[in-house]
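There are 4 protein chains.
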Amino acid sequence: MALRDGRFENPVSESFGRINPSIHVDRRLFKEDIRGSIAYAGALGKNKIISREEEALIVGGLSEIEKEIEEGGFPFSEEDEDIHMNVERRLFEKIGEAAYKLHTGRSRNEQIVLDEMLYLKKATSELDRSLKATVSAALGAAKGCVEVVVPSYTHLRRAQPASLAHLFLAYCHPLQRARERCSDYWKRLDRMPLGSGAVAGSALGIDRAYLADKLGFSGITENSIDAVSTRDFILEFVWICAEACTTLSRISEDLIILSSEEFGFLRLPDGFCTTSSLMPQKANPDALELVRGKSSRVTAALVSLFTLLKGLPYSYDRDLQEDKEPMFDAADTTLSVLGVVKGIFEGLKVNEERIKLAVEGSGDLIFATDVADWLVRRGIPFREAHRTVGKIVGFAVKEKKGLRELSVGEYRRFCGLFDESVYDLFDYRRSVDSHDVPGGTAFTRVREQIGTLEKALKRGEDLGAGSH
Amino acid sequence: MALRDGRFENPVSESFGRINPSIHVDRRLFKEDIRGSIAYAGALGKNKIISREEEALIVGGLSEIEKEIEEGGFPFSEEDEDIHMNVERRLFEKIGEAAYKLHTGRSRNEQIVLDEMLYLKKATSELDRSLKATVSAALGAAKGCVEVVVPSYTHLRRAQPASLAHLFLAYCHPLQRARERCSDYWKRLDRMPLGSGAVAGSALGIDRAYLADKLGFSGITENSIDAVSTRDFILEFVWICAEACTTLSRISEDLIILSSEEFGFLRLPDGFCTTSSLMPQKANPDALELVRGKSSRVTAALVSLFTLLKGLPYSYDRDLQEDKEPMFDAADTTLSVLGVVKGIFEGLKVNEERIKLAVEGSGDLIFATDVADWLVRRGIPFREAHRTVGKIVGFAVKEKKGLRELSVGEYRRFCGLFDESVYDLFDYRRSVDSHDVPGGTAFTRVREQIGTLEKALKRGEDLGAGSH
Amino acid sequence: MALRDGRFENPVSESFGRINPSIHVDRRLFKEDIRGSIAYAGALGKNKIISREEEALIVGGLSEIEKEIEEGGFPFSEEDEDIHMNVERRLFEKIGEAAYKLHTGRSRNEQIVLDEMLYLKKATSELDRSLKATVSAALGAAKGCVEVVVPSYTHLRRAQPASLAHLFLAYCHPLQRARERCSDYWKRLDRMPLGSGAVAGSALGIDRAYLADKLGFSGITENSIDAVSTRDFILEFVWICAEACTTLSRISEDLIILSSEEFGFLRLPDGFCTTSSLMPQKANPDALELVRGKSSRVTAALVSLFTLLKGLPYSYDRDLQEDKEPMFDAADTTLSVLGVVKGIFEGLKVNEERIKLAVEGSGDLIFATDVADWLVRRGIPFREAHRTVGKIVGFAVKEKKGLRELSVGEYRRFCGLFDESVYDLFDYRRSVDSHDVPGGTAFTRVREQIGTLEKALKRGEDLGAGSH
Amino acid sequence: MALRDGRFENPVSESFGRINPSIHVDRRLFKEDIRGSIAYAGALGKNKIISREEEALIVGGLSEIEKEIEEGGFPFSEEDEDIHMNVERRLFEKIGEAAYKLHTGRSRNEQIVLDEMLYLKKATSELDRSLKATVSAALGAAKGCVEVVVPSYTHLRRAQPASLAHLFLAYCHPLQRARERCSDYWKRLDRMPLGSGAVAGSALGIDRAYLADKLGFSGITENSIDAVSTRDFILEFVWICAEACTTLSRISEDLIILSSEEFGFLRLPDGFCTTSSLMPQKANPDALELVRGKSSRVTAALVSLFTLLKGLPYSYDRDLQEDKEPMFDAADTTLSVLGVVKGIFEGLKVNEERIKLAVEGSGDLIFATDVADWLVRRGIPFREAHRTVGKIVGFAVKEKKGLRELSVGEYRRFCGLFDESVYDLFDYRRSVDSHDVPGGTAFTRVREQIGTLEKALKRGEDLGAGSH
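Protein chains in written order, with the numbering used here: chain R, 64 to 531; chain C, 64 to 531; chain Y, 64 to 531; chain B, 64 to 531.
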């Protein structure tokens, strides 16, 4: 007998029936739903709204149901709409009338919020661990190439010589910031919503502190209308995911370009490449392309939620059913692409030969800033030095010569201060080491950074350790 | 034996293996894929690349496979990545070596584009028919309430009396424009891509005109790189859906508000309402809330595609695998919410009693524009008349009187021209009928509009009739 | 002489010249830019790269320039592209050659990041204060209506009686969470980027700790490539704004509906309404509609940034120029709509008469849950009680009677346990007070909540107090 | 005296006053607004609502005002909120009371729609012409390099030899499709909205056909509520722009990569590059990066509009004020980036030397498909041929040999059919010419395509030619 039968004469119309059930989506929350119901039965027992025998019956029945679902034997039904009503119906089949007491004074409006928060605590904890693992892998790759000097790029044009490790470390920092966000977010997620009722709060004097404790929360939500209406706790999770995936899309773009035939600095592990169904020679960076592409679905998940919530009146509206797919998709996608990027850093090969050609190639133009700095050290104002070297570069390009191939005489055409010592500049290790400030690419600084990151990774325990 | 085994020593790594297969998504394209392959086998036969016997074997095998999938007996495999390779593998199991000739000179890059275009032709045709059905339903509702006068609203505040039918007709026009877009889009969709190869075009002199004809297309794509790279043909479909769903979200908002206890103009059919799991009195407009909410996922699908494509280098990149879920989701969602809105218009009840109270209530303020027009007809410049009536309204509100309760003497305090004839204005049928221009709410104009829309609905045949 | 003249023979082409300059946007950062340059001159002086005299000249010139810009007399030039080069050019006009030393070893890539971070610290601090002020105003409104009982709504349908203050407090909590986010974000914003150079780090051994101290930062960025490449520090700010504005859009929707002629619970202050240019009676809630509408531009700002960053290769790319308009727009919009909502809460009038009609109207259906709870207290399992009351409601609606108008005999048709005491339920103050859990709507709980929020508002000092 | 003074006692509150005026945005519509008002005065005169003398006064005054605004002498005022009221106020200053008759029976709700439609007709026409110019430029570039053979790319990995012209032509087709969209959209834009009043239609029997004719529209809108409520006519424009800009972002990405030091196929014209403020050697592709980056703001404009409209009740709501900035920004951005891409194609240089190295480099792997096709022609099923060549490639890579460096003996290890004729395959002109189907890269096919596109560009006249 459906919930609606008391109130309405007509059944759900067929077209509505096609969008009404959410069980195909929210069944994923079965563990959280059952955990919440077990705690709630405890609270009802504590308040003597149900007897201890009924409580035991309910808890036993719910545990069986959890097992049934885990093992794939649970008879899900679209008619029962969602996970809450599916579980209740099954509970009745198992234990009879006592099942109908479980929902006493509880609303699906609060129940779904609890389920989502429990799920998000688990997902956030996993996300943090996965971010950490990916940072570790990138850090591992960095440690192997501190002294490999590559051109650093701005605007996809060669800029200055830099340690390849410095680039890999640049990938670690935003992922570490994503971890900081997980930990900040955790505080807001750690507030138990049960007891909010449909909108006005429980009318049964349910013990919310008891429920918080049983469900592993540090506190409770403070306003029942807020608790059933707002979804910023989902938005914030998806935002963290979207930012992380956008960062990963940039890392992927880099690795795709750096491993192209034309750059050739890196070789991707075979296990992350595929070939073409038509062109047998192809070794395509599909895994990275998927990481790059999948970032778009997480941005879209965020947009979906923002557009969903925009202009929605308080308190609970059925529109909110649409909050779950973007949440799950953001979590699944982010975890899976983090795993891929981790795997790639673990298997990445560096082609030092090709890298050397690139650094030494293109007429030493990569040392132009060093030449400008040389002039500055001899008293030329920087802006003037910059223009002078700009002209030298223009001249060299036209003459098809490298900077080290220009004669001192040629240099002097642009500035009388030049002498033989200018040729000492064309040493890329020296150039790298000159960037000797905290956060710079000098080899010692890069090693310093590695040390700091290693310490940061060791610090602290997992989010929610012990609580779920 | 996987495609990759020739080229690589290592299998797909586990983490990549989790995002690499698309078969769980693109299996939906099996009919299109098989239809394309049957046509392609014909072209290979025609060009004597395969024998007529081989062609017959292939076509027979493919037809069997189609049936297997339809009946749920097909052994899908993640290892074979996608629908194309699943079908090829199965074909080999059925007919042996000839199966390995089907892919001759064909690339998955072009094959997926064909599958998507065939799917989108079907989906666009369905969308157009579904839009038409929803317009018909709204038109039907309009026909039943031409003479029901409601307050029209701007800023959710009562504006002027209007025919309720006029409002329902206002919902029809944007949906008709969506149908125009379907038909415009069709031209761009009606270009057959096969023969584009992986990127450079078929090297087998395949007969593209023959393929177009067999697959029901009016023309062929004109550049092989464009054909495998661009996805504007998906973007445009999703755009049409997103616009339609946003329109439907506004119609839903209207119907939710107009059927609230406080407005009470409309009663939603029971079959589109649900009750609360906690509050037994509730008759909630869940169906409409879902229509409103689901618009967000179609906007998000569009964002997903735009973000996906942004900055992607030519030609095919694996990122494009991510184009299918937003496409399917936009189609499914739009079709399902159109069905719901159609059903609601078919069952909508009008509460004329509550409507009358609203029109006559609130102190006749709804006639304020009529009073201003009365002054204009007596020679007062409109802006001055507007201000005068503004003051009269302010006075009436302060005195807690309706406009018809003010005495002539009170009217004259604001303008000496007033006389008894002002009271004739407070007749909402007269007010409605005064809006007598094409597109206005006068009853005759509303009937005119109904006639025009009915004719428009009858015109023309279904998109793609006969071609697929 | 433009920067490019050293390197290129041709000037910027006309079409590029139309999108190349950013000075119309980044001029807003002049204070931050000059503050950064003064600190940088100090660092150059400290390192003896410039003399103390040159430093004094530079600092003096920059201070003059700041004043010129403030007073509107600064000659901005599109040819100088951006704020950095405009200031440098003007500095040269003022102090000659020393100006050309200011840029020594510094890149615009790091300079713009510094400017943006300084701006965002100011904006975040303002945002936090503005959120606090709006919360205070809503709290003030709540304090005035603790005992005003309204229907609470779910699905825009009357649910249960609740304190109007409880609703207003529900608006406070998400805004307080936004303040928590500001404070969390602050930590990530508080890292000084200067010294990162173009990409590889300063080659001048510049003292970054000195710069951090002078510029009011607690720490420094840890990787020069990360510092010039990533923009998550802007994304995070815009995310906080977008979430806050989406919350405000929901509050606006509520207030628009609750102040409509049909609901009539609230009256908006005149100063936040407008009238129509045609219909003189209108008092339209334009201010709230703009708040609701403007949320879309902040969501769009976030999308703009996500789409911008997606797939961008490391490190600095010129695409990043596009990061500033969404940042400014998010800040400006959020601050202005917060001000409006604050003003509305300060002037909101409650219409207790209309509210009473609504609570007592519609046949006491609002007490249906109370009736179900009554049955539960007499031993009926909740789900059964729910269905029984569902049927009673169906019966009452059909009979056009209110729940208190049904006779005991009629009640007993549905359940034999009913007696006269059921009529005691139809008292909305009793109903409100029955929701007596932390976070519930019982009057004492609402007062408790007010106390907690007042304490929270008093706690803590302003973000960044003293540091800028 | 402000419009509101009749109706309200209090002025606009300060915080609302900061977001209420739209004159800083909608002043751009002054020409359209005045044009509409002149036509409307004609209609009022025709209907004898104003005298011919008043009409002449009004038209004369409006023409003066247009000139004042053009010349920068118009005193815009925030107090008058928008362009409509600014013009009305000024008209009163010029011609006195007759000015107050211009607004008779007209609402700003319809007026703004007219202004926007007139603007969009102009913008769409410009957009179409600008798309055409950019296609012409790309076509021009294509004509210069039909016989330049480059590697075509899939997954940013070398795929098969192709004509560089074929790639440039691939850029033309989606832009031509954008032009088709402009023309389809035009039909929907070509419906005149005036006469819709505030919401219910004009009550003055205004001659809408006359207005349509005077304002250059082919038809009129059919429902007054639809006319003032919906904004799909803006959404559709912005959609067309967003799609075009996303296409341009992909073209930019290509050109940035192909002109990098590592690829070196193309050289961008100096006038579209900039240098670094720190690194004097840099020649950065800033113009293209801005084109790529700016696509994000047009996608965001579309999102802004979708989010704005989502769930908005009919009919006009003030939220709609927010429709103009995304509209203007989409138009401005798209036109400016089209201009840049056009300029780049006009000045692009091809580096045939570097291209030749790339095609001949990397061990002839680019001919792998040709080798597979060779086997197919000798009877090997394609899938088997594909795997065989996959293995040959794997072997060659391991041996660090090119495909042409393998001996016949080595080939025979993989398939006994190989003979000397396999070496004939390693000729990239032959390979290109083998892709001989319509739309393929064979030189004759590319020339065919050029001819077709040239004809298409010549066909048809400009959108709206003569009508505005």
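It is worth saying that the hints were derived from the structure and are not from the lab. Every value quoted in this text rests on a predicted model; they were computed, and no experiment measured them. Be aware that a few hints might be false.
In silico PhoX-like cross-links for lysine-lysine, where the CA-CA straight-line distance does not exceed 25 Å [what the hints assert, rightly or not]:
1) B:Lys412 <-> Y:Lys387
2) C:Lys94 <-> C:Lys387
3) Y:Lys419 <-> C:Lys464
4) C:Lys412 <-> Y:Lys464
5) Y:Lys195 <-> R:Lys250
6) R:Lys412 <-> B:Lys412
7) R:Lys454 <-> B:Lys412
8) Y:Lys518 <-> Y:Lys206
Comparing the hints with the structure gives:
As the CA atoms of B:Lys412 and Y:Lys387 are separated by approximately 33 Å, the hinted pair breaks the 25 Å bound. Taking the CA atoms of C:Lys94 and C:Lys387, the gap is about 15 Å. The hint holds against a cut of 25 Å. Between the alpha carbons of Y:Lys419 and C:Lys464 the distance comes to roughly 22 Å, so the proposed pair stays at or under 25 Å and holds. Taken as a hint, the C:Lys412 and Y:Lys464 pair is honoured in the structure, with Cα atoms around 20 Å apart against an allowance of 25 Å.
Restraint check for Y:Lys195 and R:Lys250: the C-alpha separation of about 20 Å stays at or below 25 Å, so the hint holds. Proximity of R:Lys412 to B:Lys412 is assessed by CA-CA distance (about 35 Å); at most 25 Å being required, the pair is judged violated. For the hint pairing R:Lys454 with B:Lys412, the CA-to-CA distance comes to about 22 Å; that is within 25 Å, so the pair holds. A hinted pair counts as satisfied when its Cα atoms are at most 25 Å apart, and Y:Lys518 with Y:Lys206 qualifies at roughly 14 Å.
Checked against the numbered hints above, the structure violates hints 1 and 6; every other hint is satisfied.
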